[in-house]
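Participant: Here the protein sequences come in this chain order: A and B. Under the working numbering, think of the first position of the first sequence as 1, with each following residue one higher. Under the working numbering, think of the first position of the second sequence as 1001, with each following residue one higher.
A couple of the hints might just be wrong.
[What the hints assert, rightly or not] Straight-line Cα separation of at most 30 angstroms, DSS-like style, residue types lysine-lysine; simulated pairs:
hint, chain 1, residue 1, chain 2, residue 2
1, A, K873, B, K1006
2, A, K826, A, K596
3, A, K45, B, K1006
[Stated by the list, open to error] Estimated spans, in silico, between C-beta atoms of each pair:
hint, chain 1, residue 1, chain 2, residue 2, range
4, B, N1133, A, R446, 37 to 47 angstroms
5, B, K1151, A, R446, 50 to 60 angstroms
6, A, L206, B, Q1126, 36 to 46 angstroms
Hints in this document: simulated from the structure, not taken from any laboratory. All C-beta atoms, glycine included, are put in the ideal place defined by N, C-alpha and C.
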Amino acid sequence: MQENQEIKLTIDGKEVTAQPGQTVIQAAMDAGIYIPYLCYWPGMKPYGACRMCVVEVEGQRGTPASCTLPAANGMVVNTSPSEVEGLRNNILELLLSEHPHGCLTCHRIELCGPQDICLRHVRVTDRCVVCPKNERCELKDTVRYSNMNMETPLTYNYRNLPIHTNDPFYDRDYNLCIVCARCVRVCDEIRGDSAISLIERSGTVLVGTSHGSSLLESGCEFCGACVDVCPVGALVEREHKWDKALKTIPTTCTHCSVGCQVNLEVDSKGEVIRSIGNWEAKANIGQLCFKGKFGMEFINSKERIKSPLLKDENGYKEISWDEATNIIGKKLKNYSGDKFSLLLGPKVTNEDAYIAQKFSRIIMQSNNIDMATPYGDSLVRKLEESIGNMAGSGSLQELENSECAIVFNANITEQHNVAAIPLKKGRQQQTLNLIVIDPREVELTRYANIWLRPNPGTENLLLKGILSEIISNNWQDDEFINKNVTGFEELKDSINNINIDDISVLTGVPLEDISKTAESFASSFSSAILYSLDNIPSTQTTNTVELISNLTLVAGNLGKPYSGIFPLRSGTNEQGGMDVGCHPEFLPGYKSVSNKENIEYFENAWGTDNLPAHPGFKASDALTAMQSNTIQAAILIGDSPLYNDDAIHALSHLDFLVVQEMFLTDLASTADIILPMTSFAEQNGTYTNLERRIQKINLAVSPRGESRTPSQFINELANEMQSSIQFSNENPIDIFDEIKNIMDIYSQINIADLGNDGIQWPCNEESPNGTSIMYEKGFTNKKGILFSIDPEKAPLQSKEFPFLHIPGRILFDPNTDIEIVLSGRKNAISREEAIEFHPDDAKSLSIAPGDSVEISTPYSVKYGKARLTGTLKGAVSSTALFGELVTEMDKSSDLEPTLRLSTLDIMPARIKKIT
Amino acid sequence: MAEDIKSQIQRAINSQPQKTVTMLSCLLAVHDECGFIPTEAIEIIASKNDTSINDVWAVASFYTNFRFTPPAKNIIEICWGPTCHLMGAQQILSAVQDNLSLESEGDTEDGFVSLKYNTCIGACSQAPVITINHHPVHSISTDKILEKINKELKRKND
Chain A
1 MQENQEIKLT IDGKEVTAQP GQTVIQAAMD AGIYIPYLCY WPGMKPYGAC
51 RMCVVEVEGQ RGTPASCTLP AANGMVVNTS PSEVEGLRNN ILELLLSEHP
101 HGCLTCHRIE LCGPQDICLR HVRVTDRCVV CPKNERCELK DTVRYSNMNM
151 ETPLTYNYRN LPIHTNDPFY DRDYNLCIVC ARCVRVCDEI RGDSAISLIE
201 RSGTVLVGTS HGSSLLESGC EFCGACVDVC PVGALVEREH KWDKALKTIP
251 TTCTHCSVGC QVNLEVDSKG EVIRSIGNWE AKANIGQLCF KGKFGMEFIN
301 SKERIKSPLL KDENGYKEIS WDEATNIIGK KLKNYSGDKF SLLLGPKVTN
351 EDAYIAQKFS RIIMQSNNID MATPYGDSLV RKLEESIGNM AGSGSLQELE
401 NSECAIVFNA NITEQHNVAA IPLKKGRQQQ TLNLIVIDPR EVELTRYANI
451 WLRPNPGTEN LLLKGILSEI ISNNWQDDEF INKNVTGFEE LKDSINNINI
501 DDISVLTGVP LEDISKTAES FASSFSSAIL YSLDNIPSTQ TTNTVELISN
551 LTLVAGNLGK PYSGIFPLRS GTNEQGGMDV GCHPEFLPGY KSVSNKENIE
601 YFENAWGTDN LPAHPGFKAS DALTAMQSNT IQAAILIGDS PLYNDDAIHA
651 LSHLDFLVVQ EMFLTDLAST ADIILPMTSF AEQNGTYTNL ERRIQKINLA
701 VSPRGESRTP SQFINELANE MQSSIQFSNE NPIDIFDEIK NIMDIYSQIN
751 IADLGNDGIQ WPCNEESPNG TSIMYEKGFT NKKGILFSID PEKAPLQSKE
801 FPFLHIPGRI LFDPNTDIEI VLSGRKNAIS REEAIEFHPD DAKSLSIAPG
851 DSVEISTPYS VKYGKARLTG TLKGAVSSTA LFGELVTEMD KSSDLEPTLR
901 LSTLDIMPAR IKKIT
Chain B
1001 MAEDIKSQIQ RAINSQPQKT VTMLSCLLAV HDECGFIPTE AIEIIASKND
1051 TSINDVWAVA SFYTNFRFTP PAKNIIEICW GPTCHLMGAQ QILSAVQDNL
1101 SLESEGDTED GFVSLKYNTC IGACSQAPVI TINHHPVHSI STDKILEKIN
1151 KELKRKND
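With the rest of the complex left out, here is chain A:
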């Protein structure tokens, strides 16, 4: 049997070549031959429900459906003999007997508008012209293609079902459903959610949920994949429901670092009305999340800042761009050098980021340039040391074929939704062993084969446990380690003193699960690890990344397909920004500023002679430096989750602050000058996603008001401040050319070639087509480095205080009596606190529910009534009134790592029964 050989067949007298595994309809579509279909969808498995795609095959009996018929050599297919056309018309007649079709059988079909009075007295619900999908309807197109003679002989039955409008984002009108099951299949097959199913049987079958519950209860993620594939008006986006698109612009979604390719539909008013996933793109294969699908309305917002604003005694007054650049230019001349900082929000393009860092370094003489993101570079910094690149090593959507994947402390379905799809798919095909490590319950834990739930704060210990299990059982990839890695012996020595039983007790994770995880991760042919640093205290993050890097290297998971290491960066273009030099220690292409050769190279390339050669402040440090007046002036471009209340307070210490933003946010309102910024839909450029994929963003609508792109603004400012040199070009294509000329990893990218798939760097002379899997030839310059493990840090708990006390608050507790008492001369609430812990712990302390107990931490004592409903062993939680908590939080030294807000301290504690 010859495999992988092209198949030759004849369709409608035309010689057609098909790939092995293709069906007849795919071969026909590739050859530009149209076969009508309604239930088939390219990218999903054949289903064969609608029978519209029936064809005749010479020498075969009957009329097979071409969507389920595999193409075979020598096949002779006729797509539209009269017998087949008759069958199709019969099917359409049956469909129309339950689908409103007043307009489909009317000779005025091309002439009427929604407001016209219908001369045939067709009910409003039966007209195509008032259907939100009018002219986007595949059923309408199919009826037009067929020659049905505008008549439907069957009795028409309107289903009279109520329309579902209570769920967020989209409406469901099952009176229009033709039960093609595309929505059910995309939800199940592509998304792995099964939030909708086919309910009931035969004539009454319809799409629905369990017990007809709302989508909010059925497990729906509101990704809108079902809306995108619906061929009729049954599923429609609620915003701009009836609006018609004038043009469709392909671009890259701006909401997270997965970099989904979307097609933005723009109407005649120049508003973005819909976004639809691009099924040809490798980054997302047609899928979006609720943010990318339904979260584009901000572009059209009336609240956008429209012109530059200058702060004066009466608030802000509108000024022109020329005035603004003039004032900024004059002011900034006094703050050159380390007194100046430039921070970029994560949504700026590569071009804007490049121009910004160039401005900061050449004109302002400052290396205080960074991407403003919550984790900064701590997520990846150690990877540069161990494997040489601060980036994800493979392609996310290919992880569908992995054998094992670990998701570490990342709520991936919320923050990088589309990156979770390959994992869910692999899990559904039962080929992927999905392991989730997270103290929280996140959506993915429902899908996980193993959910390791370490006690909060013991994540690193758990990683050490997994590492030591791999090495002590000899599951490591010796061949890979010998060839590519140094430091293995030292690592082996350093894990010698790890006691896996202790780790199991301290983390609260069963030994068996640790062992299974270690074996699966190290022994599978392809394993990947996706990680974030959610809830890891900032002092431990470096350690976490070291351990994750170690795990990857020890298991030999680099340089082969379907595996790798994926730091889940939070910012959209955090990767690209760092690539092009928005980093206080790196010039474009990760060239260290401390290296003399690098400085000389860039001085040459940029025609300047005094680039600053000492590392600047990172974003988070820059904020601290502002408080101490070390940094006195700053330009901030775009908002970021990094700018919390504390950060904004720090910014208020600045002498001069310029913010370029789309909205008048808290951040913008601290600025001396606010400049209007374009949204991603209003400019051209490129983004680099977390798998190193450089993708284009395209101008879809014209900039709102006087908004300008950051590079337009900075270019003008540079010319204003130093007119002697030609700073740079404004055109993003020219800027990109400049980037690729000085940066090796981007050097062979042709911006015109960045189609649906983009290109993954390094794209240089060695690999001119980009690199989807890194390290295939080992690590280029040096060997990968394994980090030795730190000696055990003392765990929080001790013999004296064996429990962890987790403080929390309740608003209302039906089981507790509250009494208002007079305290001093004021009213106060008096009540007995609930002390909650695990029933097993209670048993060992012989405490019964309702007993009075005392919990003491090294710093405080609390009394209350025992409640045995806790879910974490070894943890005890207590409630406090809101006011008391605020005081406690104020004193706390714990910072919430994402937002850098003070949280409640978790303390070691002991429990005692009082009699």
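Guided by the hints, dock chain B onto chain A, whose structure is given.
Facilitator: Just chain B now, with coordinates in the frame of chain A:
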């Protein structure tokens, strides 16, 4: 109470004797145990079979023989297979329906009797056949049927 029904469902699912346990076999086991499929069962079966509640509901709602509300105290099933039909099942059905004031399948208003059609209980040689609380009553004539039913129900519920 809610806790009770959950453990009842769990017991039904976990004590299936056959080797291959499927979503459908779980539904059948719960139906046999509880007499209907409670909402809680859908969730339990979904997590047992690694799928979503909607997929379980899709299967459950496909079969007319599953009911989703608690059945009445007594169940009368009337066979309307071909043999019983020839032997007068239609007359029996009309008589019973008139007596219970029902127009088709369903429960009486007082929740005392559930009437169900049955396509065949495998006792064609003794047609027409009905079952009262799963006990077959065979070769019955239309005039005797009501008497028989009343007697049976009285005997059970005394």
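Participant: Evaluate each hint against the coordinates.
Facilitator: Quick rundown of the hints versus the structure:
no.: 1; hint: K873/A with K1006/B; in the structure: 25 angstroms, holds
no.: 2; hint: K826/A with K596/A; in the structure: 69 angstroms, violated
no.: 3; hint: K45/A with K1006/B; in the structure: 37 angstroms, violated
no.: 4; hint: N1133/B with R446/A: 37 to 47 angstroms; in the structure: 41 angstroms, holds
no.: 5; hint: K1151/B with R446/A: 50 to 60 angstroms; in the structure: 53 angstroms, holds
no.: 6; hint: L206/A with Q1126/B: 36 to 46 angstroms; in the structure: 41 angstroms, holds
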